[in-house]
Amino acid sequence: MMSSYSSQCESCSEDGKSKVALRFCSDCDERLCRECVEYHKKCKATKSHNLIDLASMLRSTIPNVNTLCEFHEDVYLDFYCMQHDTVCCRKCIPSSHQSCKDVLLLEVASEHIKISSAFDDTFREWQNIHKTLEHLRQNFNDNVNELKKSESSICEEVRVWKRNLIKQINTFEEKIKIDLSNDMTRDLDQLKKLNTETSELHDNVKERGQELQFLKEYGSNNQLYLMLTEQGKGVQNVVKRVQEMTLSYKKTRLKFEKTADIDLKSIGSISEVKEAHDIQYSPVKLQQAHVQPERVDTILTFKKAITEQLKLTNKLHISDLAI
Numbered sequence: 001m002m003s004s005y006s007s008q009c010e011s012c013s014e015d016g017k018s019k020v021a022l023r024f025c026s027d028c029d030e031r032l033c034r035e036c037v038e039y040h041k042k043c044k045a046t047k048s049h050n051l052i053d054l055a056s057m058l059r060s061t062i063p064n065v066n067t068l069c070e071f072h073e074d075v076y077l078d079f080y081c082m083q084h085d086t087v088c089c090r091k092c093i094p095s096s097h098q099s100c101k102d103v104l105l106l107e108v109a110s111e112h113i114k115i116s117s118a119f120d121d122t123f124r125e126w127q128n129i130h131k132t133l134e135h136l137r138q139n140f141n142d143n144v145n146e147l148k149k150s151e152s153s154i155c156e157e158v159r160v161w162k163r164n165l166i167k168q169i170n171t172f173e174e175k176i177k178i179d180l181s182n183d184m185t186r187d188l189d190q191l192k193k194l195n196t197e198t199s200e201l202h203d204n205v206k207e208r209g210q211e212l213q214f215l216k217e218y219g220s221n222n223q224l225y226l227m228l229t230e231q232g233k234g235v236q237n238v239v240k241r242v243q244e245m246t247l248s249y250k251k252t253r254l255k256f257e258k259t260a261d262i263d264l265k266s267i268g269s270i271s272e273v274k275e276a277h278d279i280q281y282s283p284v285k286l287q288q289a290h291v292q293p294e295r296v297d298t299i300l301t302f303k304k305a306i307t308e309q310l311k312l313t314n315k316l317h318i319s320d321l322a323i
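Number 134 in UniProt numbering belongs to position 134 of the sequence shown; there are no gaps in the numbering.
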């Protein structure tokens, strides 16, 4: 969708003309000038398309919805098979869905997608994940600050002990500082790694939510339906990872363990304390984007109905039939 921004009308550009584009058709994926917009509204094939005011839309917020079939190049996904729960193109039907009774136009299947529970559940799940990740990220940052503060605090404790002990303590002090530095490096590296992953997930979740919100406001039903289908495959992986992070994460702090007897081989050691956090994550129950429109009788059922209704006593010749 809109691979590169331009203010020129794409339809006119193909004819060698240069006109300023005012609207964007999300169905055709084209920018249109005033004249082309008027033609778009009058043409029977395009008058129902979604036209967006270019001045009111930001390029960075336009999601990229795959509208083409992965099996048949350059053929649009225009149908939905209820039996296989999948979208398909017109070329897929003879090869993969010939015997399927419930193959609907995508426009029919996605008619109420913007007010469906599938949209609400998916959007609320992204918001729920986004909120949890924000809390996790803040907790990580707080933990980093606490760890840094604990370093100076522990060093001060060591210096207090140092003043009350003999020269032998100096050797033990150096060992404590080395242990502290190693533990600090390890813990900070681990938290940095977790924080980086959390930030990436946070940004990704935020983007997914923005994509859904944008398509709800400016996109077509088809695009939103396809985006929900595409996101449904990835949201469970994110849910699983966030659950793993919230369950496995333990708050880290360093504590100086003093040795009571100076005759021991060490004055103390650096211990790592894991504290449970209060962040909880409860996934929103997701529903697949299954829109169940009213069933339409197939041709076979229609033929049967005709057979039962045309039980006449006299001979009847049918010269033509139109559906």
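These are computed hints drawn from the structure, not numbers from a lab. A couple of the hints might just be wrong.
As the list claims (entries may be wrong) - Between beta-carbon pairs, the in silico distance windows are: (1) Lys114 - Ser152: 12 to 22 angstroms; (2) Glu257 - Lys149: 13 to 23 angstroms; (3) Ser18 - Gln243: 53 to 63 angstroms; (4) Ile178 - Lys149: 52 to 62 angstroms; (5) Ser282 - Glu200: 31 to 41 angstroms; (6) Glu217 - Asn182: 46 to 56 angstroms.
Said to hold, decoys possible - Below 27 angstroms or equal to it, Euclidean Cα-Cα: the simulated DSSO-like pairs (lysine-lysine) are: (7) Lys193 - Lys250; (8) Lys274 - Lys149; (9) Lys274 - Lys177; (10) Lys250 - Lys148; (11) Lys206 - Lys233; (12) Lys255 - Lys167; (13) Lys148 - Lys162; (14) Lys216 - Lys44; (15) Lys206 - Lys216; (16) Lys206 - Lys149.
Cβ coordinates follow ideal geometry from the N, Cα and C atoms, glycine included.
With a cut-off of 27 angstroms on the C-alpha distance, tell me whether Lys250 and Lys148 pass. At roughly 17 angstroms apart (the allowed maximum being 27 angstroms), Lys148 and Lys250 satisfy the hint.
Given the hint that Lys148 pairs with Lys162, test it: the Cα-Cα distance must not exceed 27 angstroms. 22 angstroms, holds
Is the distance from the Cβ of Ser18 to the Cβ of Gln243 consistent with 53 to 63 angstroms? Since the Cβ atoms of Ser18 and Gln243 sit about 54 angstroms apart, the hinted range of 53 to 63 angstroms holds.
Hinted pair, alpha-carbon criterion (27 angstroms max): Lys206, Lys216. Please report holds or violated. 15 angstroms, holds
State, for the Cβ atoms of Glu257 and Lys149, whether the hinted interval 13 to 23 angstroms holds or is violated. 18 angstroms, holds
Given a hinted range of 46 to 56 angstroms, is it respected by the beta-carbon distance of Glu217 and Asn182? 53 angstroms, holds
Lys193 and Lys250 were given as a pair; does the straight-line alpha-carbon distance stay at or below 27 angstroms? 14 angstroms, holds
Between Lys255 and Lys167, does the CA-CA distance stay at or below 27 angstroms? Holds, because 24 angstroms separates the two Cα atoms, which is no more than 27 angstroms.
Hint says 52 to 62 angstroms; check whether the CB-CB distance for Ile178 and Lys149 agrees. 20 angstroms, violated
Hinted pair, alpha-carbon criterion (27 angstroms max): Lys206, Lys233. Please report holds or violated. With Cα atoms ~17 angstroms apart, Lys206 and Lys233 stay inside 27 angstroms; holds.
What's the verdict on Lys274 and Lys177, does the C-alpha distance respect the 27 angstroms limit or exceed it? 21 angstroms, holds
Lys114 paired with Ser152, Cβ distance criterion 12 to 22 angstroms: 55 angstroms, violated
Violated hints, listed in ascending order, are 1, 4, 5 and 16; each of the other numbered hints is respected by the structure.
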